[in-house]
Structures are given as C-alpha cells and as structure tokens.
Amino acid sequence: MIIDLETNGTLDPEEAIRRAATILQQQLAVFVDLEGEAQAAATEAAEEVDPILLRPVDDLELTVRSANCLKAENIYYIGDLVQRTEVELLKTPNLGKKSLTEIKDVLASRGLSLGMRLEAWPPPV
Numbered sequence: 011m012i013i014d015l016e017t018n019g020t021l022d023p024e025e026a027i028r029r030a031a032t033i034l035q036q037q038l039a040v041f042v043d044l045e046g047e048a049q050a051a052a053t054e055a056a057e058e059v060d061p062i063l064l065r066p067v068d069d070l071e072l073t074v075r076s077a078n079c080l081k082a083e084n085i086y087y088i089g090d091l092v093q094r095t096e097v098e099l100l101k102t103p104n105l106g107k108k109s110l111t112e113i114k115d116v117l118a119s120r121g122l123s124l125g126m127r128l129e130a131w132p133p134p135v
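The sequence shown lines up with residues 11 to 135 when you count with my numbering.
Hints were generated in silico from the structure; no laboratory data involved.
Note that beta-carbon positions come from the ideal geometry of N, C-alpha and C, so glycine has one too.
Warning: the hint list may mix true and false statements.
To be verified - As a list, the in silico EDC-like pairs of lysine to aspartate or glutamate whose alpha-carbon atoms are at most 20 Å apart:
1) 101 to 112
2) 108 to 68
3) 114 to 69
4) 81 to 69
5) 101 to 115
6) 108 to 83
7) 101 to 90
8) 114 to 96
9) 101 to 83
10) 81 to 71
11) 108 to 60
12) 114 to 60
13) 114 to 90
14) 81 to 68
15) 108 to 98
16) 81 to 16
17) 114 to 71
18) 81 to 115
19) 108 to 96
20) 108 to 71
21) 81 to 96
22) 81 to 98
23) 108 to 129
24) 107 to 60
25) 107 to 129
26) 107 to 96
27) 107 to 71
Said to hold, decoys possible - If you anchor each label on the Cβ, the simulated ranges turn out as follows:
28) 111 to 131: 17 to 27 Å
29) 61 to 25: 54 to 64 Å
30) 66 to 98: 15 to 25 Å
31) 59 to 33: 34 to 44 Å
32) 132 to 101: 18 to 28 Å
33) 62 to 33: 44 to 54 Å
34) 59 to 106: 26 to 36 Å
35) 37 to 111: 13 to 23 Å
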C-alpha cells in the first residue's frame, strides 16, 4: 500500500495517519456489524415463541373484572401480560391488589410471571 500524504501544517503527518486510520476503521466496522446482525436475526428467527404466550388472556380464566381491566389496557395476549410489571398493572384503573394477586397466581400456575423480558415479541406474523 502506498499512501500519499499532504497536510496544511495544522497536523503533523503521523497524527494525520492516525486520524485517517481511525475514520477508516469506523467506516469498515459497519460492514462487520452487518454480518453479526444477520447472524443474530437468523438465530432469533430460529427461536420459537412459547405457544402459551400467543394465547389470549381470556384463556387464563380470570375474573370478569380482571379481564376487563387488561382489555382496557390493550393487553390481549399472555405474552403482552407477562411483560408488564406489578407497578404498571397497579396503575391500571379498577385493577387493585386482589386482581393483581389473582393474575400472579394464574401465571405462576403456568410457570410464568410478571416482568418477563421477551426478546422476540411480538412474533413475526
């Protein structure tokens, strides 16, 4: 490789090369990251979402009050529900501690809990 370097005198040649190398490295890093992102996307696609998370909240057989409160908050699927925290649910109008306890118990009976992180949610259609 041959580099023809000219500066206007504000930088010494060695510093100019360092800066040019840094900029080149940053520009080329984009291509390296694309390969990593493609592999990550393929891995995510391979991971399937637990089928129970795709079921409607109605399948939990909650009391009418609890079910209506969840629907009012646009929580229609179990996957939507498990991502919420206790604090978030308690801010829901008409959903109190008794309803929260009911929801937590029903989820626990299915091996689920509130505050779960679902990386692949919502699933691709």
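The hints, checked one at a time:
Between residue 101 and residue 112 the alpha-carbon distance is near 16 Å, which keeps this suggested pair within the 20 Å criterion. Between residue 108 and residue 68 the CA atoms are separated by roughly 18 Å; this keeps the pair inside 20 Å, and the hint holds. At roughly 14 Å between alpha-carbon atoms, residue 114 and residue 69 fall within 20 Å of each other, so this suggested pair holds. Proximity of residue 81 to residue 69 is assessed by CA-CA distance (about 13 Å); at most 20 Å being required, the pair is judged to hold.
Taken as a hint, the residue 101 and residue 115 pair is honoured in the structure, with Cα atoms around 19 Å apart against an allowance of 20 Å. At roughly 18 Å between alpha-carbon atoms, residue 108 and residue 83 fall within 20 Å of each other, so this suggested pair holds. The straight-line distance between the Cα atoms of residue 101 and residue 90 is roughly 16 Å, inside the 20 Å bound, and the hint therefore holds. Distance hint between residue 114 and residue 96 is fulfilled; the C-alpha atoms sit about 9 Å from each other, no more than 20 Å.
For the suggested pair residue 101 and residue 83, the alpha carbons sit about 10 Å apart, so the restraint of at most 20 Å is met. Using a Cα cut-off of 20 Å, the hinted pair residue 81 and residue 71 holds, with the two alpha carbons roughly 13 Å apart. The straight-line distance between the Cα atoms of residue 108 and residue 60 is roughly 28 Å, outside the 20 Å bound, and the hint therefore fails. Between residue 114 and residue 60 the alpha-carbon distance is near 18 Å, which keeps this suggested pair within the 20 Å criterion.
Between the alpha carbons of residue 114 and residue 90 the distance comes to roughly 14 Å, so the proposed pair stays at or under 20 Å and holds. With a CA separation close to 10 Å, the supplied pair residue 81 and residue 68 stays within the 20 Å bound. Straight-line distance between C-alpha atoms of residue 108 and residue 98 comes to about 15 Å, which keeps the hinted pair within the 20 Å bound. Proposed proximity of residue 81 and residue 16 is contradicted: the alpha carbons are some 67 Å apart, above 20 Å.
Taking the CA atoms of residue 114 and residue 71, the gap is about 13 Å. The hint holds against a cut of 20 Å. Our distance criterion of 20 Å between C-alpha atoms is met by residue 81 and residue 115, whose separation comes to about 19 Å. Among the hinted pairs, residue 108 with residue 96 is consistent with the structure: their alpha-carbon atoms are about 12 Å apart, no more than 20 Å. Our distance criterion of 20 Å between C-alpha atoms is met by residue 108 and residue 71, whose separation comes to about 15 Å.
Pair hint residue 81 plus residue 96 holds up; C-alpha atoms about 16 Å apart against a cutoff of 20 Å. The hinted pair formed by residue 81 and residue 98 meets the criterion: a straight-line CA distance of about 14 Å does not exceed 20 Å. For the given pair, residue 108 sits about 30 Å from residue 129 by alpha-carbon distance, which is inconsistent with the 20 Å threshold. Distance check on the hinted pair: residue 107 and residue 60 sit about 28 Å apart at the alpha-carbon level, beyond 20 Å; violated.
Between residue 107 and residue 129, the direct Cα distance comes to roughly 28 Å. Violation of the 20 Å bound is thereby established for this hinted pair. Pair hint residue 107 plus residue 96 holds up; C-alpha atoms about 9 Å apart against a cutoff of 20 Å. Of the supplied pair hints, the one linking residue 107 and residue 71 holds, its CA atoms being roughly 18 Å apart against a limit of 20 Å. One distance hint, 17 to 27 Å for the beta-carbon pair residue 111 and residue 131, holds here, with the actual separation near 25 Å.
One distance hint, 54 to 64 Å for the beta-carbon pair residue 61 and residue 25, holds here, with the actual separation near 59 Å. Between residue 66 and residue 98 the C-beta distance comes to about 20 Å, which sits within the given range of 15 to 25 Å. At about 41 Å, the beta-carbon gap between residue 59 and residue 33 stays in the expected band of 34 to 44 Å. The hint said 18 to 28 Å for the Cβ distance between residue 132 and residue 101, and at roughly 22 Å that hint holds.
Distance hint check for residue 62 and residue 33: the Cβ-Cβ separation is about 50 Å, which falls inside the suggested range of 44 to 54 Å. About 31 Å separates the C-beta atoms of residue 59 and residue 106, a value consistent with the hinted range of 26 to 36 Å. Range check, residue 37 to residue 111: Cβ separation about 55 Å, and the 13 to 23 Å hint is violated.
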